[in-house]
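Spelled out from the first residue to the last, the chains are:
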Amino acid sequence: METNFSKIKAAGRLLSSKQMSCEELTKRYLAAIEKENKTLNAYVRVTEEQALAAAKKADEKIMRGEVLLPLEGIPMSLKDNISTKNIETTCCSKILQGYTPIYNATVWELLQNQNAVLLGKTNMDEFAMGSSSETSCFGGSMNPHHTGHVAGGSSGGAASCVSGNLAVFGLGSDTGGSIRQPASFCGVVGLKPTYGAVSRYGLIAYASSFDQIGPITACVEDAALVFDAIARQDPLDSTSQGKKESASASLTKELKGMKIGIVKEYFEGIDKDVAAAMEKAMETYRHLGAELVECSIPELKYGLPVYYILACAEASSNLGRYDGIRYGYKVPHYEDINEMICKTRSEGFGAEVKHRILLGTYVLSAGYYDAYYKKAQNLRGVIVNAFQRVFDACDVILAPTVPMTAFERGQTQKDAVKTYQTDICTVPVNIAGLPAVSVPCGFDGKGLPIGLQLIGNHFQEAVILNAAYQFEGATRENGAFRSVEMGVAL
Amino acid sequence: MVTREDVLQMARLSKLYIKEEELDALTRDMDNIIAFAETISAAQCEQTDFDNISNLSNVLREDVVLPSYSREEILKNAESQDEGYFLVKKRS
Amino acid sequence: MKYELVSGLETHVELSTNTKIFCGCTTDFGGEQNTHCCPICIGLPGTLPKLNEKVVDYAIMAGLATNCEISHISKMDRKNYCYPDLPKAYQISQFDMPLCKNGYIALSNGRKIGITRIHIEEDAGKLVHQRGNTYVDYNRGGVPLIEIVSEPDIRSIDEAREYVEKLQMIMRYIGVSDCKMQEGSLRCDVNISLRPIGSVEFGTRTEIKNMNSFTYMTKAMEYEVSRQAELLDEGKEVTQETLRYIVEENRTESMRGKEDANDYRYFREPDLVTIEVSQEKIDRFKAMLPELPDAKFTRYVNELGIPEADAGLLVKYRRVAEYFEKAMEGTANPKVAANCIIGQIFRRVENETEKEAFDIALPAEYLRDLILLLDGGKIKMNLLKSTLEKMLDQGKPATDFIKEEDMGGIDTDTLRQLCTDAIAANPNAVADYLGGKEKALKSLLGFVMKNSRGRADAVEAEKLLIEMVSASK
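Protein chains in written order, with our numbering: chain H, 1 to 490; chain E, 1 to 92; chain X, 1 to 473.
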């Protein structure tokens with residue numbers, strides 16, 4: 001089955017057929033941002049000057065009759081934790097206010113080489129710690145499907161701007177679900193690649209052994225196109241390995257005979273509407289010729305604590321460097337250097353970040369290390385092995401992305417443990433370093449989108465994207481997707 | 001059980017100040033989260049001491065000098081600098 | 001003293017790689033502040049380390065040279081502590097799986113000082129405190145170090161000193177570090193405790209940080225030993241603490257109290273992957289290792305017949321030893337080359353740095369050719385010595401200074417004739433000598449040597465002169 005949903009290709013056609021210049025396309029997006037961003041708060045920084053310069057370059061190429069690269073001239077966004085040379089990069093934290101990197105993240109280097117048009121930096125939970133983007137020092141990002149609800153997080157801005165048609169695609173980062181969860185909330189596609197598929201160089205670290213950059217797009221084909229453009233082995237990232245095969249070239253394979261694992265633990269305690277959408281999705285896959293295999297990973301019950309222990313431990317170390325000396329915020333008044341550092345950090349970090357730093361420090365400290373960090377590390381190995389058992393019998397695993405739909409603004413952060421529960425279906429993938437994609441599969445009673453998650457074995461992005469693509473083709477025009485009436489229509 | 005003293009010790013190690021009026025609430029929150037994390041203590045599992053999520057080894061760099069950045073760039077984001085040094089004034 | 005010293009050392013050695021441990025910036029010493037830096041050196045958000053292969057190789061060599069086992073699998077860890085000279089607020093080091101472990105260094109008294117472990121890590125930047133302000137320079141940040149941790153096997157200050165000297169000598173031999181204490185490329189933290197002689201339990205120890213000269217290390221240890229002995233004598237307890245040595249006042253001072261003790265929260269560095277070292281690589285490095293000073297010393301003494309004192313001088317610097325070995329190759333008696341180096345060449349390389357570099361104008365092959373002339377009977381020892389001085393001045397071969405006709409000895413008749421001439425030409429000297437001034441013979445000998453153009457055997461000539469002058473009485 002071939003689909004025709006690609007916005008990247010649609011924009012590319014507009015440009016190469018000279019129906020619209022890249023400058024005009026870019027200006028439309030900039031105008032739409034000007035109009036809608038007040039409501040969505042998707043962008044925290046708009047890079048008009050750079051965008052127009054890139055657009056001009058693309059237009060010159062078109063004028064010379066040259067063939068455009070796949071992402072050339074495509075207006076897009078970057079999450080504000082991806083380093084951009086000479087463009088302020090803050091992780092939506094006061095502590096990095098005014099910080100302008102002197103180097104580019106590898107992903108941005110790759111996209112720049114394709115001359116993609118950067119519209120701006122997108123909103124996120126402070127240092128990617130949160131599920132609603134409301135811990136951002138710029139305030140939360142809203143859901144285009146219902147602006148009283150959050151866009152999700154931490155890549156809330158990236159999902160919001162793609163869903164609200166304020167960018168063709170965006171790059172986000174996913175540590176415990178930060179790409180898939182907002183993609184699910186906003187009714188768009190989000191791919192969390194295999195750990196090591198995309199370089200982390202220049203991604204401001206939250207939890208280094210979990211973090212991974214990936215695309216948030218309007219459809220599966222676009223996710224594959226962007227993934228193909230950014231998945232590279234990078235000499236600057238020792239943990240990067242690149243990708244196995246082209247994802248966009250693998251999108252037309254039939255699903256006949258494909259074994260889809262239904263891991264029962266993923267379906268425990270999920271919202272009624274989400275459960276119903278999952279049932280429908282399974283039915284669709286049966287129609288597409290896939291075989292559903294019931295299985296169980298009892299170890300998943302340890303997923304959340306393992307994730308929070310290890311991620312916070314790494315975060316407490318990664319965030320030690322913000323001391324006001326070399327970059328970022330520095331408190332104006334202090335009595336000595338130690339007070340300067342402590343005050344800078346106390347004022348510069350928000351409450352959630354400080355919580356996680358303290359928690360991470362606790363689980364690593366002498367006397368608690370074995371009970372928490374070491375135990376969690378061991379369980380991580382156990383969970384990795386448990387997934388491998390399932391993949392011995394299945395090609396992909398089907399699960400909800402989030403057990404619920406987007407919450408109302410201001411609802412999170414009251415009970416930390418309860419808030420953490422929203423990540424229950426997304427974190428296992430990060431624990432095991434697996435790839436997973438969230439694809440729209442329906443709506444709840446309020447009209448809020450629901451996401452379907454497809455999880456693959458390591459470096460099987462092509463497999464899960466193809467499975468998502470076939471599903472999208474069968475359902476997108478039958479109620480799984482609604483486009484939002486705002487922004488730029490392509 | 002996380003105590004106020006535990007929280008203060010973690011804050012000291014993390015270079016964070018905690019206001020007296022926040023301490024009790026923070027201790028309660030931390031205790032909640034730790035109690036939640038505690039659920040793993042019941043898990044039986046083999047020792048997998050040696051974690052390596054990317055399963056890679058020996059990713060190494062050749063010992064070849066690359067040009068350093070200009071000092072101007074290195075100091076560009078510093079709030080305070082003097083004679084090519086990052087500077088922290090005695091008090092401010 | 002009724003106490004026995006128990007001491008262990010942690011020695012930091014800066015490796016002489018071209019680039020830093022995790023980035024391509026140069027490790028050159030002494031550049032202008034913050035000019036040997038990149039985003040990785042100053043810990044900019046988002047940067048990642050990339051391990052320098054040479055650092056691993058050098059550490060393996062250091063381990064092999066100190067009789068360590070090399071770990072087939074090791075990893076990097078983060079040591080977390082917040083200090084302005086540490087740009088990431090953690091030092092990337094090795095915690096529980098060091099590259100090398102269980103080695104030793106043998107001292108001249110026959111005792112072996114155990115080496116617990118050798119691990120690789122990054123150096124910190126430099127802080128300059130002035131008028132209460134703190135100035136930070138990150139040039140040194142990320143320079144590769146190995147930390148060599150000894151067992152508490154050291155029992156005297158002399159042993160401590162010899163242990164460090166041996167480490168320094170070995171590291172220089174294998175070429176992994178210049179070990180210049182004054183530039184900080186070798187620094188020691190010294191652990192010290194005392195116990196009553198005969199006791200097996202260790203006393204409470206203190207640690208003196210950052211000793212960067214042998215003199216200060218000795219003085220600081222002397223001070224600390226007497227301080228602890230006094231405390232114990234008074235029945236007081238030694239407090240476990242970290243000390244700094246104040247040079248100007250010759251005393252130690254506490255750096256931080258116990259309640260302030262750091263908790264480093266070590267955990268695996270997630271940005272770096274496992275280090276695997278194959279047996280094949282270990283074997284290859286073992287084979288590449290140069291002969292080490294101890295082995296050389298034994299060989300020089302036992303096989304070459306060099307006196308121990310001279311052998312010690314020759315092996316101390318690798319370049320000297322190599323020069324010696326080249327110069328003595330194929331010569332009849334290695335002692336000649338040894339004496340030339342120790343007696344004559346060393347006068348021209350006075351300090352340690354010069355000996356270390358041993359950058360002398362004269363190629364060892366020229367010295368060897370000169371010694372071969374002696375071996376072949378073509379020149380005598382005195383001509384060898386005077387020619388060597390000229391050769392050292394100009395860096396030219398012996399043939400530039402000794403003409404063909406000067407070579408070869410002279411027969412007894414010619415020598416007798418020369419002596420007769422000398423006696424005839426120097427009646428005053430003869431009279432002086434006969435009058436009891438033995439020194440006067442020297443001018444006669446000089447005459448003979450000069451007229452033989454150095455070919456005469458000085459010893460023989462002197463004997464003959466005495467005989468003839470005495471006979472002429």
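Treat the hints loosely; a few may be bogus.
To be verified - Incomplete in silico selection of chain H near chain E, CB under 7 Å:
no.: 1; residue: Tyr-99
no.: 2; residue: Ser-238
no.: 3; residue: Ile-357
no.: 4; residue: Leu-359
no.: 5; residue: Asn-378
no.: 6; residue: Leu-379
no.: 7; residue: Phe-407
no.: 8; residue: Ala-416
no.: 9; residue: Thr-419
As the list claims (entries may be wrong) - Mimicking DSBU-like on lysine-lysine, the simulated pairs with C-alpha atoms at most 30 Å apart in a straight line are:
no.: 10; chain 1: E; residue 1: Lys-90; chain 2: X; residue 2: Lys-396
no.: 11; chain 1: H; residue 1: Lys-57; chain 2: E; residue 2: Lys-90
no.: 12; chain 1: H; residue 1: Lys-343; chain 2: X; residue 2: Lys-126
no.: 13; chain 1: X; residue 1: Lys-219; chain 2: X; residue 2: Lys-316
no.: 14; chain 1: H; residue 1: Lys-94; chain 2: E; residue 2: Lys-76
no.: 15; chain 1: E; residue 1: Lys-89; chain 2: X; residue 2: Lys-126
no.: 16; chain 1: E; residue 1: Lys-19; chain 2: H; residue 2: Lys-57
no.: 17; chain 1: X; residue 1: Lys-79; chain 2: H; residue 2: Lys-343
no.: 18; chain 1: X; residue 1: Lys-79; chain 2: E; residue 2: Lys-15
no.: 19; chain 1: H; residue 1: Lys-418; chain 2: E; residue 2: Lys-15
no.: 20; chain 1: X; residue 1: Lys-236; chain 2: X; residue 2: Lys-180
no.: 21; chain 1: X; residue 1: Lys-79; chain 2: E; residue 2: Lys-19
no.: 22; chain 1: E; residue 1: Lys-15; chain 2: H; residue 2: Lys-94
no.: 23; chain 1: X; residue 1: Lys-126; chain 2: E; residue 2: Lys-15
no.: 24; chain 1: X; residue 1: Lys-450; chain 2: H; residue 2: Lys-85
no.: 25; chain 1: H; residue 1: Lys-272; chain 2: H; residue 2: Lys-446
no.: 26; chain 1: X; residue 1: Lys-79; chain 2: H; residue 2: Lys-94
no.: 27; chain 1: X; residue 1: Lys-180; chain 2: X; residue 2: Lys-326
no.: 28; chain 1: X; residue 1: Lys-180; chain 2: X; residue 2: Lys-79
no.: 29; chain 1: E; residue 1: Lys-90; chain 2: H; residue 2: Lys-38
no.: 30; chain 1: H; residue 1: Lys-343; chain 2: E; residue 2: Lys-19
no.: 31; chain 1: E; residue 1: Lys-76; chain 2: H; residue 2: Lys-264
no.: 32; chain 1: H; residue 1: Lys-374; chain 2: X; residue 2: Lys-326
no.: 33; chain 1: H; residue 1: Lys-18; chain 2: E; residue 2: Lys-76
no.: 34; chain 1: X; residue 1: Lys-316; chain 2: X; residue 2: Lys-403
no.: 35; chain 1: E; residue 1: Lys-19; chain 2: H; residue 2: Lys-418
no.: 36; chain 1: X; residue 1: Lys-326; chain 2: X; residue 2: Lys-385
no.: 37; chain 1: X; residue 1: Lys-219; chain 2: E; residue 2: Lys-90
no.: 38; chain 1: E; residue 1: Lys-15; chain 2: X; residue 2: Lys-209
no.: 39; chain 1: H; residue 1: Lys-94; chain 2: E; residue 2: Lys-90
no.: 40; chain 1: E; residue 1: Lys-76; chain 2: H; residue 2: Lys-85
To be clear, the hints were calculated from the coordinates, so they are not data collected in a lab.
The beta-carbon is built from N, C-alpha and C at its ideal position, and this holds for glycine as well.
Right, here's what the structure says about each hint:
Below 7 Å, beta-carbon pairs count as interface contacts, and Tyr-99/H has one with chain E at about 6 Å; its hint therefore holds. For Ser-238/H, the interface hint holds, the least distance from its beta-carbon to any beta-carbon of chain E being 4 Å, beneath 7 Å. Hint status for Ile-357/H relative to chain E: holds, with the closest Cβ pair at about 5 Å, below 7 Å. About 6 Å separates the beta-carbon of Leu-359/H from the nearest beta-carbon of chain E, less than 7 Å, and the hint is met.
Interface hint at Asn-378/H: satisfied, since its Cβ lies 5 Å from the closest Cβ of chain E, which is below the 7 Å cut-off. Hint status for Leu-379/H: holds, given a least beta-carbon distance of 6 Å to chain E, under 7 Å. With 7 Å as the threshold, the beta carbon of Phe-407/H stays out of range of chain E, its nearest partner Cβ sitting at about 20 Å, so the hint is violated. Taking 7 Å as the C-beta cut-off, the interface hint given for Ala-416/H holds, the closest approach to chain E being about 6 Å.
Of the supplied interface hints, the one on Thr-419/H is violated, with its beta-carbon coming no nearer than about 11 Å to a beta-carbon of chain E, more than 7 Å. Taking the CA atoms of Lys-90/E and Lys-396/X, the gap is near 61 Å; set against the 30 Å cutoff, the hint is violated. Between Lys-57/H and Lys-90/E the alpha-carbon distance is near 49 Å, which puts this suggested pair outside the 30 Å criterion. Taken as a hint, the Lys-343/H and Lys-126/X pair is honoured in the structure, with Cα atoms around 23 Å apart against an allowance of 30 Å.
In summary, the hint linking Lys-219/X to Lys-316/X is supported, as the alpha carbons are separated by about 24 Å, within the 30 Å threshold. Restraint check: the Cα-Cα separation between Lys-94/H and Lys-76/E comes to about 18 Å, which is no more than 30 Å; the hinted pair holds. For the suggested pair Lys-89/E and Lys-126/X, the alpha carbons sit about 16 Å apart, so the restraint of at most 30 Å is met. Taking the CA atoms of Lys-19/E and Lys-57/H, the gap is about 53 Å. The hint is violated against a cut of 30 Å.
Distance restraint check for Lys-79/X and Lys-343/H: the Cα-Cα separation of roughly 23 Å lies within the 30 Å cut-off, and the hinted pair is therefore satisfied. At most 30 Å may separate the alpha-carbon atoms for a hinted pair to count; Lys-79/X and Lys-15/E meet this at roughly 16 Å. Among the hinted pairs, Lys-418/H with Lys-15/E is consistent with the structure: their alpha-carbon atoms are about 28 Å apart, no more than 30 Å. Of the supplied pair hints, the one linking Lys-236/X and Lys-180/X is violated, its CA atoms being roughly 39 Å apart against a limit of 30 Å.
A threshold of 30 Å between alpha carbons decides the hint, and for Lys-79/X with Lys-19/E the separation of about 28 Å falls inside it, so the pair holds. At most 30 Å may separate the alpha-carbon atoms for a hinted pair to count; Lys-15/E and Lys-94/H meet this at roughly 17 Å. With a C-alpha separation of about 21 Å, the suggested pair Lys-126/X and Lys-15/E falls inside the 30 Å cut-off, and the hint holds. Distance restraint check for Lys-450/X and Lys-85/H: the Cα-Cα separation of roughly 80 Å exceeds the 30 Å cut-off, and the hinted pair is therefore not satisfied.
At roughly 13 Å between alpha-carbon atoms, Lys-272/H and Lys-446/H fall within 30 Å of each other, so this suggested pair holds. At roughly 27 Å between alpha-carbon atoms, Lys-79/X and Lys-94/H fall within 30 Å of each other, so this suggested pair holds. Restraint check for Lys-180/X and Lys-326/X: satisfied, since their Cα atoms lie roughly 27 Å apart, inside the 30 Å limit. A distance of roughly 26 Å separates the Cα atoms of Lys-180/X and Lys-79/X; the hinted pair therefore holds under the 30 Å criterion.
Proximity of Lys-90/E to Lys-38/H is assessed by CA-CA distance (about 43 Å); at most 30 Å being required, the pair is judged violated. Pair hint Lys-343/H plus Lys-19/E holds up; C-alpha atoms about 11 Å apart against a cutoff of 30 Å. Under the criterion of a C-alpha separation no larger than 30 Å, the hint pairing Lys-76/E with Lys-264/H is inconsistent with the structure, at around 53 Å. At most 30 Å may separate the alpha-carbon atoms for a hinted pair to count; Lys-374/H and Lys-326/X exceed this at roughly 57 Å.
Restraint check for Lys-18/H and Lys-76/E: the C-alpha separation of about 42 Å exceeds 30 Å, so the hint is violated. A distance of roughly 36 Å separates the Cα atoms of Lys-316/X and Lys-403/X; the hinted pair therefore is violated under the 30 Å criterion. About 25 Å separates the Cα atoms of Lys-19/E and Lys-418/H, which keeps this hinted pair within 30 Å; it holds. Simply put, Lys-326/X and Lys-385/X have alpha-carbon atoms about 18 Å apart, close enough for the 30 Å limit, and the pair holds.
Pair hint Lys-219/X plus Lys-90/E does not hold up; C-alpha atoms about 33 Å apart against a cutoff of 30 Å. Restraint check: the Cα-Cα separation between Lys-15/E and Lys-209/X comes to about 24 Å, which is no more than 30 Å; the hinted pair holds. Annotation: proposed proximity of Lys-94/H to Lys-90/E holds, straight-line Cα distance about 24 Å (limit 30 Å). Straight-line distance between C-alpha atoms of Lys-76/E and Lys-85/H comes to about 12 Å, which keeps the hinted pair within the 30 Å bound.
This entry does not satisfy hints 7, 9, 10, 11, 16, 20, 24, 29, 31, 32, 33, 34 and 37, going by the numbered hints stated previously.
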